[in-house]
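Q: The primary structure of each chain is shown beneath.
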Amino acid sequence: GQQVMQIPQYQHVQEGEDFTTYCNSSTTLSNIQWYKQRPGGHPVFLIQLVKSGEVKKQKRLTFQFGEAKKNSSLHITATQTTDVGTYFCAGPNSGTYKYIFGTGTRLKVLA
Amino acid sequence: SQTIHQWPATLVQPVGSPLSLECTVEGTSNPNLYWYRQAAGRGLQLLFYSVGIGQISSEVPQNLSASRPQDRQFILSSKKLLLSDSGFYLCACWGGATNEKLFFGSGTQLSVL
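These protein sequence lines map, in sequence, to chains A and B.
Residue numbers for the first sequence, in my numbering: -13 to 97.
Residue numbers for the second sequence, in my numbering: 21 to 133.
Rather than coming from a laboratory, the hints here were simulated on the basis of the structure.
There's no promise every hint is true.
[Stated by the list, open to error] Derived SDA-like pairs: lysine to any residue, alpha-carbon spacing no greater than 20 Å straight-line:
#1 84(A) - 82(B)
#2 94(A) - 59(B)
#3 22(A) - 108(B)
#4 37(A) - 50(B)
#5 84(A) - 50(B)
#6 94(A) - 62(B)
#7 84(A) - 95(B)
#8 94(A) - 60(B)
#9 84(A) - 80(B)
#10 22(A) - 70(A)
#11 94(A) - 1(A)
#12 100(B) - 39(B)
#13 43(A) - 31(A)
#14 100(B) - 33(B)
#15 99(B) - 27(B)
#16 84(A) - 72(B)
None of the values given here were measured: they were computed from a predicted structure.
Same shape as in the complex, but just chain A (with noise of 0.2 Å):
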C-alpha cells in the first residue's frame, strides 16, 4: 500500500536556526497537505500544494511540492519557540477518499 515517510523522525535546533523536513510518498500524489501538532494537541491545517512543482510560503515557513508530486518538504526560517511541535505532511490515496499521513518530524527549538 501508499507510504508516507519523513526524515528527519526528530530535530532539535537552536533558536534563530533554520529547519527542514522532507515528505516522500510511494506512489504520486494529486496534491498533499502539511499539517502542524503541538505537543498535546490535535493535527491543525498548515497549508495545501497542487501544481507540480509549486513553492508557497507562509512568513517563515515555505513549502515545496516536487516536480514528479512523490515529494515535499517543509523549510523554516530563523526558528523560534512557538514552532515546537510535529510536523506532518498527509496525501490522499489515490482512487480512495483515505488521507494518508507521514510519519511526522518532531522539532525542538532550544531558546
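Based on these hints, arrange chain B on the given structure of chain A.
A: Frame of chain A; chain B shown alone:
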C-alpha cells in the same frame, strides 16, 4: 466552518473492558469521517473511514470497530480492550473536495491498564 466534538478528553480503562468513543460534526453535511490513532511520539495511523451513513472501511485488522449511525456521528468501539489499544485517538472530518482540508477533533487520550 466545521466543528468536531470529540469526547471524553481522557479515559483510563482496564484491560478487557468495553470502549465507546463518540465524535460529532457540525457545520457540514455528508462529510467523510475518519478515526486515527497515534501512539506516544509517533505518527497517525488510519483506523477507519466512512463516506456515508452505515458505510465503514477498516484499514487495520484489530479488535476495534466503528459505526456511523447518523450523518454527522462517528463512533469507535471495542468489546474488550487490549493494552496495545492505548493511544491518542483522533476523529477527523473532510468535506470531500480536493481543495478541502482535514479538520480534527481535540482527541481522546486512552490508557488501558
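Q: Hint by hint, say whether it matches the structure.
A: So, going through the hints one by one against the coordinates:
1. 84(A) - 82(B): Between residue 84(A) and residue 82(B) the Cα gap is close to 18 Å, so the pair holds against 20 Å.
2. 94(A) - 59(B): The hint holds at about 19 Å.
3. 22(A) - 108(B): holds (16 Å)
4. 37(A) - 50(B): Distance of about 28 Å is beyond 20 Å: violated.
5. 84(A) - 50(B): holds (16 Å)
6. 94(A) - 62(B): holds (15 Å)
7. 84(A) - 95(B): holds (18 Å)
8. 94(A) - 60(B): OK: residue 94(A) and residue 60(B) at ~16 Å, within 20 Å.
9. 84(A) - 80(B): holds (13 Å)
10. 22(A) - 70(A): It holds: about 9 Å lies between the C-alpha atoms, which stays within 20 Å.
11. 94(A) - 1(A): holds (9 Å)
12. 100(B) - 39(B): This hinted pair holds, its Cα atoms lying about 7 Å apart.
13. 43(A) - 31(A): Within the cut-off at roughly 14 Å; holds.
14. 100(B) - 33(B): holds (10 Å)
15. 99(B) - 27(B): The given pair, whose Cα atoms are some 18 Å apart, holds under the 20 Å limit.
16. 84(A) - 72(B): Holds: residue 84(A) and residue 72(B) sit about 14 Å apart, inside 20 Å.
Checked against the numbered hints given earlier, this structure breaks only hint 4.
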